[in-house]
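Asker: Sequence:
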Amino acid sequence: MLACFNRQDIKEGLIEEGEIKQETELIEVIKKAVAEVKGEAIKTKYCIVSLPESESYIRMLQLPLIKEEEVAEAIKWELEANIPLGIDEIYYDWQIIKPPQPNQKQLDILVGVLPKKTVDPYLDVLKKANLKPFIFEIESIATARALIKGSYSQEPIAIVDIGAKRTSFFIFYGWTIYFTTSLPICNNSLIKTLSEHLEISFQKAKQIKLKVGLDSKHPKSQIFEALKPPLMELATKIKNFIDFYQDHWPSSSKINKVLLCGGGAKMIGLSEFLNAQLKLGIDLGNPWINISDNPKSAIGKLPFDDPPAYTTALGLALRGWEQ
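The sequence shown runs 2 to 324 under the numbering used here.
A couple of the hints might just be wrong.
Stated by the list, open to error - Straight line, CA to CA, 30 angstroms or less: simulated DSS-like cross-link-like pairs of lysine-lysine:
id, residue 1, residue 2
1, Lys-77, Lys-133
2, Lys-33, Lys-207
3, Lys-39, Lys-128
4, Lys-118, Lys-106
5, Lys-193, Lys-238
6, Lys-12, Lys-205
7, Lys-205, Lys-166
8, Lys-258, Lys-229
9, Lys-106, Lys-150
10, Lys-117, Lys-77
11, Lys-77, Lys-118
12, Lys-207, Lys-22
13, Lys-129, Lys-46
14, Lys-44, Lys-12
15, Lys-212, Lys-258
16, Lys-221, Lys-255
17, Lys-258, Lys-12
18, Lys-44, Lys-68
19, Lys-193, Lys-240
No lab work stands behind these hints: they were computed from the structure. Keep in mind the model is a prediction, meaning the values are calculated, not measured.
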């Protein structure tokens, strides 16, 4: 059962490309989000936090069969050879992954890396907001935890998280993420394109996008003409990333399914448009799949259509539940 929830918009300029620019204002946003939750009052200061996907480095390393005590040193050497930062400039973590297909010739190891210059300011801001972060997690890992039933998939699945300022793309297979990247095409960029094309305010364009969406039944409409080029580019990028994955992991099953999440995933007509371009199954991700078989009873007062925007937060909450 969902105990409480809230959402606060972060104004332009507070965070840019993952870097905190206005610390004081961001602290106030966080404090307000915690103080004004809907539902039960928050009784703890401990929190689990996702960090900017655009600043992270996730890689599946494949090492020869070596002793587990030798893995840490091998990973260190791999990072020194492939990361343009010194070991003393980064935080990193890793785990040995059970492969979806038995492999006796190598170890599959998921490695996550973030620069200290990115992580430390977030830690500082959260502490100043009177919170106690005890787990930092890369956003795509939390998102996958929310969307993949039992955190395991027999077939590779592409996940497209359309956020306000960027779109994250990653592929989940077996027990883990194999590939991740970010795109500049996002909710705000689509609204801006619509605003400029129709010569209306950003707020008015946002309302039109929410109410009308991608009106594919009227392909000559101004809305469709405005949104088609960036969404065609999004579809092309998704296809290229899927092809890249298949080229680098040829032994993997073919990707036949794409899950959409994030605030931009709810746009009317988007799934149908991407399906027509990609010829793949395009579904809206269900962030309740690991929480409740009856989400309408689990979500309390959270509007039923809103959960795609809460996917990452729900994935972080599941991580807390597992602790």
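Asker: If a hint holds in the structure, say so; if it does not, say that too.
Answerer: For each hint, the structure was consulted:
1. Lys-77 with Lys-133: holds (29 angstroms)
2. Lys-33 with Lys-207: Distance of about 24 angstroms is within 30 angstroms: holds.
3. Lys-39 with Lys-128: Given pair Lys-39, Lys-128 holds - Cα atoms ~23 angstroms apart, limit 30 angstroms.
4. Lys-118 with Lys-106: violated (37 angstroms)
5. Lys-193 with Lys-238: holds (20 angstroms)
6. Lys-12 with Lys-205: Satisfied, since the Cα-Cα distance of roughly 17 angstroms is no more than 30 angstroms.
7. Lys-205 with Lys-166: holds (18 angstroms)
8. Lys-258 with Lys-229: Roughly 22 angstroms between the alpha carbons, so the hint for Lys-258 and Lys-229 holds.
9. Lys-106 with Lys-150: holds (29 angstroms)
10. Lys-117 with Lys-77: holds (16 angstroms)
11. Lys-77 with Lys-118: It holds: about 19 angstroms lies between the C-alpha atoms, which stays within 30 angstroms.
12. Lys-207 with Lys-22: holds (25 angstroms)
13. Lys-129 with Lys-46: Distance of about 12 angstroms is within 30 angstroms: holds.
14. Lys-44 with Lys-12: Holds, at roughly 27 angstroms.
15. Lys-212 with Lys-258: Holds: Lys-212 and Lys-258 sit about 27 angstroms apart, inside 30 angstroms.
16. Lys-221 with Lys-255: violated (35 angstroms)
17. Lys-258 with Lys-12: Answer violated: Lys-258 to Lys-12 is near 34 angstroms, above 30 angstroms.
18. Lys-44 with Lys-68: Roughly 44 angstroms separates the two Cα atoms, so the pair is violated.
19. Lys-193 with Lys-240: At roughly 24 angstroms apart (the allowed maximum being 30 angstroms), Lys-240 and Lys-193 satisfy the hint.
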